[in-house]
Amino acid sequence: MIKPIDDFMRLFGASISLDESLIVKKKNRYFLLGTSLKKVTLEDFFYAGTYLGKIKNGKFFPGFELLRMMSEKRANKVVVNKKTEWLFICGRDVFKRGIVNAIGLGRKGDHVLVLNGYGECLGFGRVISDLDKEGAFIKNISDIGDFLRREPRTPKSSTLY
Amino acid sequence: MSGREFFTERYRRLGWEYQTVELKQTIRINAANVKKRLGLIKRLQNLGMVLTKVPFLENGFWVEQSRFSAGATTEYLSGLYSIQEAAAQVPATLFTELKDKVVLDACAAPGGKTTQLADLMQNTGAIAALDINRQRLTALSNHLERCRVKNTIVHQLDARRVSRLKTGFDRILLDMPCSGNFATDRNWFKRRTIKDVEINAALQREILTETVKMLEHNGEIIYSTCSLEPEENELNVDWAIKSLGMRVEEISCYGQEGLTEVFGKNLEESVGNCVRIWPGQTQGFFVCKLRKSESA
Chain A
1 MIKPIDDFMR LFGASISLDE SLIVKKKNRY FLLGTSLKKV TLEDFFYAGT YLGKIKNGKF
61 FPGFELLRMM SEKRANKVVV NKKTEWLFIC GRDVFKRGIV NAIGLGRKGD HVLVLNGYGE
121 CLGFGRVISD LDKEGAFIKN ISDIGDFLRR EPRTPKSSTL Y
Chain B
162 MSGREFFTER YRRLGWEYQT VELKQTIRIN AANVKKRLGL IKRLQNLGMV LTKVPFLENG
222 FWVEQSRFSA GATTEYLSGL YSIQEAAAQV PATLFTELKD KVVLDACAAP GGKTTQLADL
282 MQNTGAIAAL DINRQRLTAL SNHLERCRVK NTIVHQLDAR RVSRLKTGFD RILLDMPCSG
342 NFATDRNWFK RRTIKDVEIN AALQREILTE TVKMLEHNGE IIYSTCSLEP EENELNVDWA
402 IKSLGMRVEE ISCYGQEGLT EVFGKNLEES VGNCVRIWPG QTQGFFVCKL RKSESA
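In order, the protein sequence lines correspond to chains A and B. In terms of the working numbering, the first sequence opens at residue 1 and continues consecutively. In terms of the working numbering, the second sequence opens at residue 162 and continues consecutively.
Hint data in this document are derived by calculation from the structure and do not stem from the laboratory. Treat the numbers as computed from the prediction; the structure is a model and nothing was measured. Some hints could be false.
[As the list claims (entries may be wrong)] Capping the alpha-carbon separation at 25 Å, the derived lysine to aspartate or glutamate pairs in DMTMM-like fashion look like this:
| # | chain 1 | residue 1 | chain 2 | residue 2 |
| --- | --- | --- | --- | --- |
| 1 | A | K39 | B | E377 |
| 2 | B | K203 | A | E72 |
| 3 | B | K311 | A | E20 |
Pulled out of the complex, with its shape left as it was, chain A reads as follows (with noise of 0.2 Å):
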């Protein structure tokens, strides 16, 4: 059941052992549930634990927790200066001038985690083209930008049921 959450690791060049048994699939999510957690688990949930990613075309999303777990380990990562932190975060490209660090591969098509100087993963991209190069950059797949332009699609909070 885990062959997509795996193929989607070993494009980072990462790999986390996942415990399978813990692994719930609703539809196309995947999400891995504690312990404690499964034992009030129902089939028909809307969430539950830590969202891992989704089928989407038959290709793999990955949900920004698995992302933070990957950037814990041995994995393909770029540390970027603030102001490509901030760009990145708004959905813009990492060019090579704003790459404090690159851990692992940087070859052309190579998938890297994208960190802030605090370690913390902002999202993920491709390589497009050699990061020894001059004009390299790292296309933008996923950011955790991602959470406010999801949410003009949900309702605002309110104080009504």
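Dock chain B against the given chain A, drawing on the hints supplied.
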């Protein structure tokens, strides 16, 4: 029966003179996600945010000034803090003990208090978070993901059908659907009638009746509303004492003691253990802790 005059006259009869209020934005630090609280505050100050500690909250800070929207920083998007009104931060902190408990958040969306509960529980135990509205569940789920909550399961379920979960709860948060108050809604006086208040009060009694059945021995219920109307607050608690065999425990938090006399009607003395927050530094709020009495 509605309008500013009608409601402000009621408040005067309850002992409070109406005043306009300007609420400050409040943030709550998600302690479980922050290694050093001081470090986060410094980061926010470096962004140009001026923060003052809310004196009655451990993790609450008023945003006095900010160059950025507090809801659009990397720190917010990384789940290091949430935006949650100061009085709304009170209820979850009143449970005696939360670690490893099984908790019900019966009317959970949009999820400010759910993420706070998870933070106080340090992601141990389990929270069942319910709401009836699917769209609001999406907002709740986004909050849970952003705040890195791991111990919560969300169901689209009317709190009055909670028995379908077939499990008992050690702690129950009943942050009730309510009429709200004028401090957070500019058009409140235009929109609200006493009929709305009565409808909400009846719904609250139904939810209370069904959720009490799921409370484990020695369990606790925190009942809260952001309504100023006694029908949704003290009168409902008085009813819970008499009809459901509940008792009201003393709590220590910001606010004034609950009313024991409402429009000429005397209530159970222990209703005074409730806490009523009139709008001022915060929005209006009402909160109390209930347990099943020995005889119930």
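Where does the structure disagree with the numbered hints, that is, which hint numbers, in rising order? none
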